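Participant: Each chain is listed here by its residues.
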Amino acid sequence: MAMAGTGAVRTRSGWRQMIEVDRLTKRYGSVVAVDGLSFQVLPGRVTGFLGPNGAGKSTTMRAVVGLDLPTMGEIRVNGRPYASIRRPLCEVGVLLDARAVHGGRSASSHLLCIARSNGISPSRVNTVLEMVGLATVARRRIRTFSLGMLQRLGVAAALLGNPGVLLFDEPVNGLDPEGIRWIRALMKQLAAEGRTVLVSSHLMSEMALTADHLIVIGRGRLVADASVTDLLSRSSRNRVRVRSPQAGQLSTLLARDLAGVRVQPGPDGALEVLGTDASAVGELAAAHGVVLHELSIQQASLEEAFMDLTRDSVDYRTELDPLPAASPNTSPGTPTTVGSRP
Amino acid sequence: MPPDAAPTPAISSDAISSDIISSDIASPDATSWEPTGPVDSAWPGGPAVRPGHAASRWPSAAAGRRPALDMFGNALRCEWTKLWTVRSTYWTLFAAFVLTVGLAAIACGAAASQGGDVGGEPAALSLSGIFVAQIALGVLGVLMISSEYGSGMIRTTFAAVPNRLVVLAAKAAVFAGVVLAGALVACLAAFALGQLLLRPTGQQASFGDPEIVRIVLGATAYLTLIGLIGLGVAAVIRHTAGALGVLFGVMVVLQIAVQFLPGELQESVLPYLPATMAVSVVTVNPPAMSLSAGASIALLGVYTALALLGGAWSMLARDA
Numbered sequence: 000m001a002m003a004g005t006g007a008v009r010t011r012s013g014w015r016q017m018i019e020v021d022r023l024t025k026r027y028g029s030v031v032a033v034d035g036l037s038f039q040v041l042p043g044r045v046t047g048f049l050g051p052n053g054a055g056k057s058t059t060m061r062a063v064v065g066l067d068l069p070t071m072g073e074i075r076v077n078g079r080p081y082a083s084i085r086r087p088l089c090e091v092g093v094l095l096d097a098r099a100v101h102g103g104r105s106a107s108s109h110l111l112c113i114a115r116s117n118g119i120s121p122s123r124v125n126t127v128l129e130m131v132g133l134a135t136v137a138r139r140r141i142r143t144f145s146l147g148m149l150q151r152l153g154v155a156a157a158l159l160g161n162p163g164v165l166l167f168d169e170p171v172n173g174l175d176p177e178g179i180r181w182i183r184a185l186m187k188q189l190a191a192e193g194r195t196v197l198v199s200s201h202l203m204s205e206m207a208l209t210a211d212h213l214i215v216i217g218r219g220r221l222v223a224d225a226s227v228t229d230l231l232s233r234s235s236r237n238r239v240r241v242r243s244p245q246a247g248q249l250s251t252l253l254a255r256d257l258a259g260v261r262v263q264p265g266p267d268g269a270l271e272v273l274g275t276d277a278s279a280v281g282e283l284a285a286a287h288g289v290v291l292h293e294l295s296i297q298q299a300s301l302e303e304a305f306m307d308l309t310r311d312s313v314d315y316r317t318e319l320d321p322l323p324a325a326s327p328n329t330s331p332g333t334p335t336t337v338g339s340r341p
Numbered sequence: 000m001p002p003d004a005a006p007t008p009a010i011s012s013d014a015i016s017s018d019i020i021s022s023d024i025a026s027p028d029a030t031s032w033e034p035t036g037p038v039d040s041a042w043p044g045g046p047a048v049r050p051g052h053a054a055s056r057w058p059s060a061a062a063g064r065r066p067a068l069d070m071f072g073n074a075l076r077c078e079w080t081k082l083w084t085v086r087s088t089y090w091t092l093f094a095a096f097v098l099t100v101g102l103a104a105i106a107c108g109a110a111a112s113q114g115g116d117v118g119g120e121p122a123a124l125s126l127s128g129i130f131v132a133q134i135a136l137g138v139l140g141v142l143m144i145s146s147e148y149g150s151g152m153i154r155t156t157f158a159a160v161p162n163r164l165v166v167l168a169a170k171a172a173v174f175a176g177v178v179l180a181g182a183l184v185a186c187l188a189a190f191a192l193g194q195l196l197l198r199p200t201g202q203q204a205s206f207g208d209p210e211i212v213r214i215v216l217g218a219t220a221y222l223t224l225i226g227l228i229g230l231g232v233a234a235v236i237r238h239t240a241g242a243l244g245v246l247f248g249v250m251v252v253l254q255i256a257v258q259f260l261p262g263e264l265q266e267s268v269l270p271y272l273p274a275t276m277a278v279s280v281v282t283v284n285p286p287a288m289s290l291s292a293g294a295s296i297a298l299l300g301v302y303t304a305l306a307l308l309g310g311a312w313s314m315l316a317r318d319a
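So the sequence lines, in the order shown, correspond to chains A and B.
Reading the first sequence from the start, the letters are residues 0 to 341 in numbering that gives the first Met the number 0.
Reading the second sequence from the start, the letters are residues 0 to 319 in numbering that gives the first Met the number 0.
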């Protein structure tokens, strides 16, 4: 792993502020929840943490804040273990499970307890309640809250110490459309302020709208560590859509002249060409005098890209080498990784 | 009642409507979330946020000079606030007080009205309520930990204070402080009321009599230690019902089971059971086979230490 032993990077202000997960392994009995996982989360962007249910996202996030002890490997936050941070809530804000609150307390009492634990001024309680839109129910008992309100309360607790690093585990669950819009804007705002934001989700479509960078895991292993744009452009599902009155002729030409190209019929008589780009198709058509009515690029949705990636992650389970960097199977079988692996 | 509640205006429940979710503040379009707006207004009330500055620049409060003491002090304040912001605290303390004083009134009132002999133990009679009040305080001790495991709040607690020994120590210290004070008031009130009711029989004791101060303080210590054992047990068992079962199983069931042992064996086990130790603590002349009051409290202290050590081990060794 390229990141092993490199320590924290320095941000433009010269301060270290990031999450480093280094060869994290977590076993529960015989079940391996996380298996040699390494990645870094950098400031100034929203990093999506994606994976199917049971992929190890929550386990990893719990391990970051010291709730689960790693079986192997280590995690550093701002360059040191979480447990050694004296007032952790002022450096790391975390929302793991919005339901994990004592229902008998009022929202403001709940936040006051948390503020006291880190010497945070009690005036921050009202501030964060206003930020998340719960100021009018500050004195109401948490037991009466809807799941959406609990998520807002959880976000308020994470923001209490005004931390530079934020972790949110499935924050969108239970929110109404207005709440979802709000939390997306909040994540982006927090990242724009230069904070490090890690948001987990099993919903690709949600991440497409929120995240700048993605860390995808499957079965406890890293599947991809790339920007959203990069991930999409590398997807094997990207295709060129062509419409032509001479579709049959074009189809034959494509199969004959361009190596590795696959042609399949698309909707309303169009052809979908996989494994090449639009310019190659256009040039081929021009060279043979084929008339084109449409030539467009159909980019895979993040959902499709994700399905490809995580389906592959299942295959890794049967291989001896979990990261076949030199695998001849280059298109759908190689982890898409940018910058952190040889 | 909670002394530390944040100064938030109270609202009536019918003022709450679903549109709080779409309030201006919650809207992504509100000016406070405008990324290009004035940076200092992005976090109203909080420290100014300068994009690109590090986490270590963001904390608002000044760093203390003694980190370990700071951490423990903060944990104490946190646990204190937690204790007084749930209703179960008020209920269990109220129940413990009413049981201690109420049973003193019943026992001493009955003895006086029947003109009976209190066997030279007027103080013990007035403090007989501690045998029931210990249940309420055991519940309070258990709940202080099991309610956090039950709700999942313990993960928030441990994320805020990663040193779990500090968490356990702060909980034990806050509990001990509150229950010592509360139990002392209850025991003093029970003793005073009981002796007042015994006055017609002429058998009443007063604070100046030998052993009386020792008895009242001993009863107070006994109640506090039983509650602390509950706290330690809950750190191991984690479930409210399970922890209460273990705690009162040891205290009550064992006491009954011992009655079925053959005489000699029974006499060698009984002195080490909490109920026997309670008797020896509140009587002027303890039963012959029991430990002295001082030895009883010391042994109970050892039990408490073992329970808390077990709890500490469990908290450190197991995931939250």
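Honestly, the hints are just simulated from the structure, not real lab data.
Every value quoted in this text rests on a predicted model; they were computed, and no experiment measured them.
Ideal placement from N, C-alpha and C gives every residue a C-beta, glycine not left out.
Honestly, I wouldn't trust all of these hints.
[Said to hold, decoys possible] Stretch by stretch, here's where chain B covers chain A in the computed footprint (C-beta under 8 Å, at least three residues):
hint, segment
1, 64-74
2, 101-110
3, 255-266
4, 296-307
[Unchecked claim] Sample of chain B residues lacking proximity to chain A, with all beta carbon distances greater than 10 Å (derived):
hint, residue
5, Met-70
6, Ala-74
7, Trp-79
8, Lys-81
9, Gly-101
10, Gly-151
11, Met-152
12, Ala-159
13, Ile-296
Participant: With reference to the structure, classify each hint as holding or not holding.
Facilitator: Going through the hints against the structure:
no. : hint    : result
1   : 64-74   : holds (count 5)
2   : 101-110 : holds (count 9)
3   : 255-266 : violated (count 0)
4   : 296-307 : violated (count 0)
5   : Met-70  : violated (6 Å)
6   : Ala-74  : violated (6 Å)
7   : Trp-79  : violated (8 Å)
8   : Lys-81  : violated (5 Å)
9   : Gly-101 : holds (26 Å)
10  : Gly-151 : violated (3 Å)
11  : Met-152 : violated (5 Å)
12  : Ala-159 : violated (4 Å)
13  : Ile-296 : holds (33 Å)
In summary, the numbered hints that this structure violates are 3, 4, 5, 6, 7, 8, 10, 11, 12.
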